[in-house]
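K.L.:
Residue numbers (the working numbering), protein chains in the order written: chain A, 1 to 315; chain B, 1001 to 1304.
Honestly, the hints are just simulated from the structure, not real lab data.
Note that the Cβ used here is the ideal one computed from N, Cα and C, for glycine as well.
Some clues are possibly wrong.
Mimicking DSSO-like on lysine-lysine, the simulated pairs with C-alpha atoms at most 27 Å apart in a straight line are [said to hold, decoys possible]:
| hint | chain 1 | residue 1 | chain 2 | residue 2 |
| --- | --- | --- | --- | --- |
| 1 | A | K310 | B | K1130 |
| 2 | A | K310 | B | K1071 |
| 3 | B | K1009 | B | K1075 |
| 4 | B | K1079 | A | K6 |
| 5 | A | K6 | B | K1252 |
| 6 | B | K1014 | A | K6 |
| 7 | A | K6 | B | K1071 |
| 8 | A | K77 | A | K50 |
| 9 | A | K145 | B | K1079 |
| 10 | A | K145 | B | K1111 |
| 11 | A | K310 | B | K1016 |
| 12 | B | K1014 | A | K310 |
| 13 | B | K1009 | A | K310 |
| 14 | A | K310 | A | K145 |
| 15 | B | K1111 | A | K310 |
| 16 | B | K1018 | B | K1071 |
| 17 | A | K6 | B | K1009 |
| 18 | A | K6 | B | K1130 |
Quick partial rundown of chain B residues pointing at chain A, CB under 10 Å, derived from the structure [what the hints assert, rightly or not]:
| hint | residue |
| --- | --- |
| 19 | T1046 |
| 20 | D1088 |
| 21 | H1150 |
Far from chain B, by Cβ distances over 12 Å, these chain A residues were calculated [to be verified]:
| hint | residue |
| --- | --- |
| 22 | M5 |
| 23 | Y43 |
| 24 | K50 |
| 25 | R87 |
| 26 | I133 |
| 27 | K134 |
| 28 | M137 |
| 29 | L152 |
| 30 | L203 |
| 31 | E282 |
| 32 | L298 |
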Amino acid sequence: MGLLMKLIHNENVKTFSRIGTWIMVAFLFGTVLMHAIFGYDSYKQSPNWKAELVKQNQEDLKALQDPKVPEEEKANKSERLMINQYRVEKDIAPTGVQFFALDYKMGGESLTVIFILIVAAMSVSSEFSMGTIKLLMIRPVNRMKILLAKYLSVIVTAIFFVLLSIGLYLLMGGIAFGFEGFTTPYLTILKGKVVEVNFISHLFQNVGLSCVQMVMLVTFAFMISTVFRNSSLAIGLSLLGYFMGSIISFQIYAAGYEWMKYSLFINTDLSIYLDDRVSMIEGLTLGTSLTVLVIHFLVFMIASFVTFQKRDIAI
Amino acid sequence: MEKPLIQIKNLKKKIKGKWIIKGISFDLYPGEVFGFLGPNGAGKTTTIRMMVGLTSITEGEVLIEGYSIAKNYEKAIAKVGGIVENPDMYKFLTGYKNLELYARMSPGVSKKRIDEVVKIVELEHAIHQKVSTYSLGMRQRLGLAQALLHQPSVLILDEPTNGLDPAGIHDLRNYLRRLAKEEQMAILVSSHLLSEMEMMCDRIGIIQNGELIRVETVRDLIEKDEQAKQVLFEVEPIHVAQQVIEQHFPQKRVERVEKGVIISLSRSEIPAVSALLVSNQVQLFGIQRKSKSLEEKFLEITHQ
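Build out the structure end to end from the sequences listed, making use of the hints.
P.N.:
Here it is in structure tokens:
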């Protein structure tokens, strides 16, 4: 094992030996279970699905012609109508597990992000609060390497939590609604047409895109934790960013501050560029969003590494 | 003389515009235990932090086996085992898991070496328990174990006797002396337990207000300028003895204690005083020469 790998292993040992980490795992398990139990009726598909969909399609058609229905609702309904007509036509039954697993975003994801942010926020600051930083530093290892190992270990932990969370959704979804939904094609709309895609790859594409925001938040929390040695501050600020960041940014932008379109939280959701779509905000492209993300990432990393390298450890 | 393992050259530290360490220089040689002595706030821990690279050096240099801690950190620190202030470890891990963490950070530390140091510090019985269950003394020993893991040539121990019971201090002292002699290590020990330093160290450096005001061998420190020593005469009746001595030696101050009287006398004056006491019908039970302890010496020096 190379030194860096050994250091990452050390950090993983610390993270996964803490009882708190396993409490988080238990919480995640409980949340997915609750989601499955209380959502059971709404995800469960009826054997009579065809008749029901035909009926719903007629209602949707009616709504689309009604001038009183707002435009936005019409757009949603028209997409639903297209997919459901395709279903009836091609005889592709809707499956509960697909809807359930994709709703990971409504349930398990927030919890996963919160847990990972806690891990990221504790990584450096807890060494200071426990006093263990002193014995950690008086080793023949460059400080940069120690910090890099810490960061990479947080990323490893993040991957673990995301995969665990998705795995739990698939497992419990499969148990509750049947595993055959894994292989049923998933229907989505691409360039105005209904297409069949592989469900699992669609799911991971979704999850992968939401990880962009998570990585940015993790890096932010890690930076605050390293610069201020304060885990509460790091957790607080990064959670604020997670829950309120895009809302606040959009509001400031809407109030006439053009430059806000280059702020972090307006650019973290890359799924808006999927399927040839364009951002709601004028002038933003995938390229500009990626540039904004990379610049933020570098600033966070440089701030962390520079302060960590220079700091006098006097605790 | 041999080449020093540690060289401290005019070391200075400025914090917030104030000089905390004002130019400390000393060398540490293989096979010696060096005591770093000073009242709280004198700059012991700050000096130690600079020596192990935890804080930056404002001016001056620390060389370990010739490698500068500032410019060649990894090479220099590889020779050093240390404890800075408290031996803080991961409490949620067992002692053994803690040692494994540190073992992975130094090249060439085998599982066998971990078992070896555990045996050296006599923690075999508790090594697989969580550190949160350890007493302070056990944590000190675990701290010593991690400092020895990578077989350093230099040990820097900040207050290692903290939290040890008398038996533990005795063991540590023997163990450090053995390491110094057998392994030819250079050991720096800071402490406020002065009586301990006296028995543990070969040389002592006294630091006060960021300056090293004296470096001497323990023997010199105790013996030097000791022409007159405190002598205790165990006598009965005490008041008669006091009267007689004060009559014949009016320039001496006689101090009454429970068992007898204490007078400051040179060696050659003792027979005259005892003869005087005996001839005045004072019963004499014993005579003791007391050399000043390091503690008294230390207080004397730092109160100047």
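K.L.:
So, for every hint listed, does it hold in this structure?
P.N.:
Verification of the supplied hints:
1. A:K310 <-> B:K1130: Not satisfied, since the Cα-Cα distance of roughly 33 Å exceeds 27 Å.
2. A:K310 <-> B:K1071: 14 Å, holds
3. B:K1009 <-> B:K1075: Holds: K1009 of chain B and K1075 of chain B sit about 19 Å apart, inside 27 Å.
4. B:K1079 <-> A:K6: 20 Å, holds
5. A:K6 <-> B:K1252: 71 Å, violated
6. B:K1014 <-> A:K6: 36 Å, violated
7. A:K6 <-> B:K1071: Since the Cα atoms of K6 of chain A and K1071 of chain B sit roughly 25 Å apart, the hinted pair holds (cutoff 27 Å).
8. A:K77 <-> A:K50: 18 Å, holds
9. A:K145 <-> B:K1079: 19 Å, holds
10. A:K145 <-> B:K1111: Holds, because 24 Å separates the two Cα atoms, which is no more than 27 Å.
11. A:K310 <-> B:K1016: 16 Å, holds
12. B:K1014 <-> A:K310: 15 Å, holds
13. B:K1009 <-> A:K310: 22 Å, holds
14. A:K310 <-> A:K145: Satisfied, since the Cα-Cα distance of roughly 14 Å is no more than 27 Å.
15. B:K1111 <-> A:K310: 34 Å, violated
16. B:K1018 <-> B:K1071: Distance ~24 Å between K1018 of chain B and K1071 of chain B Cα, so the pair holds.
17. A:K6 <-> B:K1009: 35 Å, violated
18. A:K6 <-> B:K1130: 22 Å, holds
19. T1046: With a minimum Cβ separation of about 8 Å from chain A (threshold 10 Å), the hint on T1046 of chain B holds.
20. D1088: Cβ of D1088 of chain B sits 3 Å from chain A, so the hint holds.
21. H1150: At 8 Å from the nearest chain A Cβ, H1150 of chain B passes the 10 Å test, so the hint holds.
22. M5: 10 Å, violated
23. Y43: 39 Å, holds
24. K50: Check passes; 57 Å lies beyond 12 Å.
25. R87: 52 Å, holds
26. I133: Given that some Cβ of chain B is not farther than 12 Å from that of I133 of chain A, nearest at about 8 Å, it is violated.
27. K134: Non-interface label on K134 of chain A violated, nearest chain B Cβ at 5 Å vs cutoff 12 Å.
28. M137: With a cut-off of 12 Å, M137 of chain A comes too close to chain B, as the shortest Cβ separation is near 6 Å.
29. L152: At about 15 Å from chain B, L152 of chain A clears the 12 Å cut-off, so the statement holds.
30. L203: Given that every Cβ of chain B is farther than 12 Å from that of L203 of chain A, nearest at about 35 Å, it holds.
31. E282: 49 Å, holds
32. L298: Check passes; 25 Å lies beyond 12 Å.
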